[in-house]
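Undergrad: Okay, here's what each chain looks like letter by letter:
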Amino acid sequence: MADPPLSEVPVLILGESHSTAISRAIDATHDDSLVSIDVRIGSDASKINFDLFKLYNPNKLVLAFGGTEHNIIGMIEGEPKFDFLWPPFEDFDTERTLVPAAVIEEVLRWRMQSGVIRALRVREHFDCPAYVLAPPPPFLEIDGKTILPKAFSELFEAGIAPAPIRRKLYAMQCTLMKSIYKEHGIAFITAPPKTRDKDGFLHRKFWGRDPTHGNQHYGRILIQHLNDALELDAKSPGKKANV
Amino acid sequence: MSKRHPYVGQPDYQFWRKDPGLKEPSLFDPVGKPAFSIDPQDKVVTAGSCFAQHVARYLAQSGFNFLVTEQPHPLLHGQVAQKLNYGLFSARYGNVYTTRMLRQLLERAFGDFKPIDSAWRREDGRWVDPFRPQILPGGYVSSREVKLDRRTHFSAVRRAVKEMNVFVFTLGLTETWMDRRDGAVYPLAPGVAGGVYDEDIHTFCNFDVEEVAADLQWSLDFIRSLNPSVKFIITVSPVPLNATALDRHVAVSTAYSKAVLRIAAEKICNANDMCDYFPSYEIITSPITRGAYFEEDAREVRAEGVHHVMSLFLKHYAGMQTGAGKPASRKKANKLPDRMEQAEALMQALCDEEAIDNT
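Residue numbers (my numbering), protein chains in the order written: chain W, 99 to 341; chain R, 768 to 1126.
Simulated from the structure, these hints should not be mistaken for laboratory data. Be aware that a few hints might be false.
[To be verified] Far from chain R by the CB rule (all over 12 Å, computed), these chain W residues: (1) Arg138; (2) Ile139; (3) Val201; (4) Arg207; (5) Arg221; (6) Phe254; (7) Gln314; (8) Glu329.
[Stated by the list, open to error] Computed cross-link-like contacts, DSSO-like style, restricted to lysine-lysine with a CA-CA straight-line distance of at most 30 Å: (9) R/Lys800 - W/Lys179; (10) W/Lys292 - W/Lys276; (11) W/Lys280 - R/Lys850; (12) R/Lys1034 - R/Lys785; (13) R/Lys770 - R/Lys800; (14) R/Lys850 - W/Lys276; (15) W/Lys280 - W/Lys145; (16) R/Lys914 - W/Lys276; (17) W/Lys292 - W/Lys152; (18) W/Lys179 - W/Lys296; (19) R/Lys810 - R/Lys1082; (20) R/Lys785 - W/Lys179; (21) W/Lys145 - W/Lys276; (22) R/Lys850 - W/Lys145; (23) R/Lys914 - R/Lys881; (24) R/Lys1082 - R/Lys790; (25) R/Lys1034 - W/Lys179; (26) R/Lys929 - R/Lys800; (27) R/Lys800 - R/Lys810; (28) W/Lys333 - W/Lys280; (29) R/Lys770 - W/Lys179; (30) W/Lys243 - W/Lys280; (31) R/Lys881 - R/Lys810; (32) W/Lys179 - W/Lys243.
Ideal placement from N, C-alpha and C gives every residue a C-beta, glycine not left out.
Model the full assembly from the supplied sequences, consistent with the hints where possible.
TA: Next comes the structure, spelled out in structure tokens:
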């Protein structure tokens, strides 16, 4: 019996939890130029369901694996409370223990490696140009509508780390992602500038109860941003705005 | 009735031909009677050349209370901490090759010396601490970060000095690079792992016996002024120089350097109470062990050699019998038992000197 024909799509987005916001936005807008699939088997992030995307033949592949590592490291306060320097941010709380940025980089890199491996395993299945998507920017502060992920609930008593520290961790993760994926020929796409406030935090309207993932509104803005970035990249590779 | 000659009745270890190591090198034991012992609860601090790292690891693994006052933040996973050189030194001072470096480390940590040059830029844009340029492989993101982390470091050095019961210092080099303006000495020449070499500012120094001994004596006096009951063990690294800045063969410079360090160690140990010389240099380099404790590069010390040194250390200072390493023949050297493979993996010592090359 012959294999079923491959489904041609302009953009295929494969990932884990961060691809959900895009899927919801696609469902809401009926945009058929993109297909977004959460490739996890259940909620097990360590396994990939390759059957979910084997029949797609995209022009462009966008990867959205991992992305919460900066929150795992720094969303909940640790003991001793730490801070670090990460240019261009100038802030540093001298009451906190300094952890050199290079140390945080190593920890973050170590945390990120499993997501990178999964992304590269998926990438192997496609010949088209590939991109990796930045996770949503950090939130400024939680409020009454916030529900923290179960994984953090027991730790919540320690409190949430100050926003400036979380912003630096996010910036560091983006820098590392750009560098790691570049080695594999995968271009990095930033989070949409429109979703950030003047200080770089995710506007409250772009997340719902869970502060670590964008909502459907975020997904809509992200799709527009993604289309713009990919179009620009196609027109002038090497001069990639937001890529 | 007087003896026929002064050597009559002297112990066998005073006679070369009677050393059991001649027949079985693993039995070579040149360690004399120590002035003190080390109890399991004694806090031991180590510093010195890269050979000191072997001492530190062995002590930690042998149940000694190896005092580490500069611990990694709990964020760090064990392997990551190891990769970033945490736990390798009592405080993260890196290799302290010369006694001048030891003296200046103490002076800097206690606020008595503030060098003009406090941060060096690397080619990749990151920064290093000129006095421990390879302690953080990823480098610092700014000179400000170098200074902030140094504050933490100095606090850890002060704590180590005040809390330790035993200080093991391994003398490594006589050659060093100095800032002419204030006399600050560096473990690596500017330009090797950061910074810019400037002939008008930086000068080469090769310390003599008097200088090495004076700096070591000053350091021991300073430590005892804060911690009067501390005991000292002085050793000389058996590792030859990786490179010499003098226009002569590196082997000649090595011989000079080791001779100076050995004599300085002797002088200081003779002049101070509770200050022992431990012959790690002799155990590794003596003809009795026939050079078998050196790796193929004839410089690095093989795991068996470190084991021999440290088993004698444990035997004489802690009454522990671990058995000296049997120097393997060159052929056997390529196939180590599992225990040695593990020990080798554990003893991958950071060595700043490795960064020096003539290219």
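Undergrad: If a hint holds in the structure, say so; if it does not, say that too.
TA: Hint check:
Every Cβ of chain R is farther than 12 Å from the Cβ of W/Arg138; the closest lies at roughly 24 Å, confirming the non-interface assignment. Even its closest Cβ contact with chain R, about 26 Å, leaves W/Ile139 beyond 12 Å, as expected for a residue assigned away from the interface. Under the 12 Å C-beta cut-off, the non-interface status given to W/Val201 relative to chain R is violated; the minimum distance is some 6 Å. The claim that W/Arg207 lies off the interface is violated: its Cβ sits roughly 9 Å from the closest Cβ of chain R, which falls inside the 12 Å cut-off.
At roughly 26 Å from the closest C-beta of chain R, the C-beta of W/Arg221 stays outside 12 Å, upholding its exclusion from the interface. Chain R leaves W/Phe254 outside its interface by the beta-carbon criterion, the shortest separation being 18 Å against a cut-off of 12 Å. No Cβ of chain R comes within 12 Å of the Cβ of W/Gln314; the nearest lies about 34 Å off, and the non-interface call holds. The Cβ of W/Glu329 lies farther than 12 Å from every Cβ of chain R, with a closest approach of about 33 Å, so its non-interface assignment holds.
Of the pairs offered as hints, the one joining R/Lys800 and W/Lys179 is violated, with about 48 Å between alpha carbons and a cut-off of 30 Å exceeded. Between W/Lys292 and W/Lys276, the direct Cα distance comes to roughly 20 Å. Compliance with the 30 Å bound is thereby established for this hinted pair. In summary, the hint linking W/Lys280 to R/Lys850 is supported, as the alpha carbons are separated by about 24 Å, within the 30 Å threshold. A hinted pair counts as satisfied when its Cα atoms are at most 30 Å apart, and R/Lys1034 with R/Lys785 qualifies at roughly 28 Å.
Restraint check: the Cα-Cα separation between R/Lys770 and R/Lys800 comes to about 25 Å, which is no more than 30 Å; the hinted pair holds. Of the pairs offered as hints, the one joining R/Lys850 and W/Lys276 holds, with about 23 Å between alpha carbons and a cut-off of 30 Å not exceeded. For the suggested pair W/Lys280 and W/Lys145, the alpha carbons sit about 24 Å apart, so the restraint of at most 30 Å is met. For a cut-off of 30 Å, the pair hint linking R/Lys914 to W/Lys276 stands: about 29 Å separates their Cα positions.
For the given pair, W/Lys292 sits about 34 Å from W/Lys152 by alpha-carbon distance, which is inconsistent with the 30 Å threshold. Between W/Lys179 and W/Lys296 the alpha-carbon distance is near 27 Å, which keeps this suggested pair within the 30 Å criterion. At roughly 18 Å between alpha-carbon atoms, R/Lys810 and R/Lys1082 fall within 30 Å of each other, so this suggested pair holds. Between R/Lys785 and W/Lys179, the direct Cα distance comes to roughly 62 Å. Violation of the 30 Å bound is thereby established for this hinted pair.
With a C-alpha separation of about 24 Å, the suggested pairing of W/Lys145 with W/Lys276 holds against the 30 Å cut-off. With a C-alpha separation of about 29 Å, the suggested pairing of R/Lys850 with W/Lys145 holds against the 30 Å cut-off. At most 30 Å may separate the alpha-carbon atoms for a hinted pair to count; R/Lys914 and R/Lys881 meet this at roughly 12 Å. Between R/Lys1082 and R/Lys790, the direct Cα distance comes to roughly 21 Å. Compliance with the 30 Å bound is thereby established for this hinted pair.
For a cut-off of 30 Å, the pair hint linking R/Lys1034 to W/Lys179 is broken: about 47 Å separates their Cα positions. About 27 Å separates the Cα atoms of R/Lys929 and R/Lys800, which keeps this hinted pair within 30 Å; it holds. A C-alpha spacing of about 21 Å is found between R/Lys800 and R/Lys810, which places the hinted pair at or below 30 Å, so the restraint holds. At roughly 20 Å between alpha-carbon atoms, W/Lys333 and W/Lys280 fall within 30 Å of each other, so this suggested pair holds.
For the suggested pair R/Lys770 and W/Lys179, the alpha carbons sit about 73 Å apart, so the restraint of at most 30 Å is broken. Using a Cα cut-off of 30 Å, the hinted pair W/Lys243 and W/Lys280 is violated, with the two alpha carbons roughly 38 Å apart. In summary, the hint linking R/Lys881 to R/Lys810 is supported, as the alpha carbons are separated by about 29 Å, within the 30 Å threshold. Restraint check: the Cα-Cα separation between W/Lys179 and W/Lys243 comes to about 26 Å, which is no more than 30 Å; the hinted pair holds.
In this structure, the earlier hints numbered 3, 4, 9, 17, 20, 25, 29 and 30 are contradicted, and the remaining ones agree with it.
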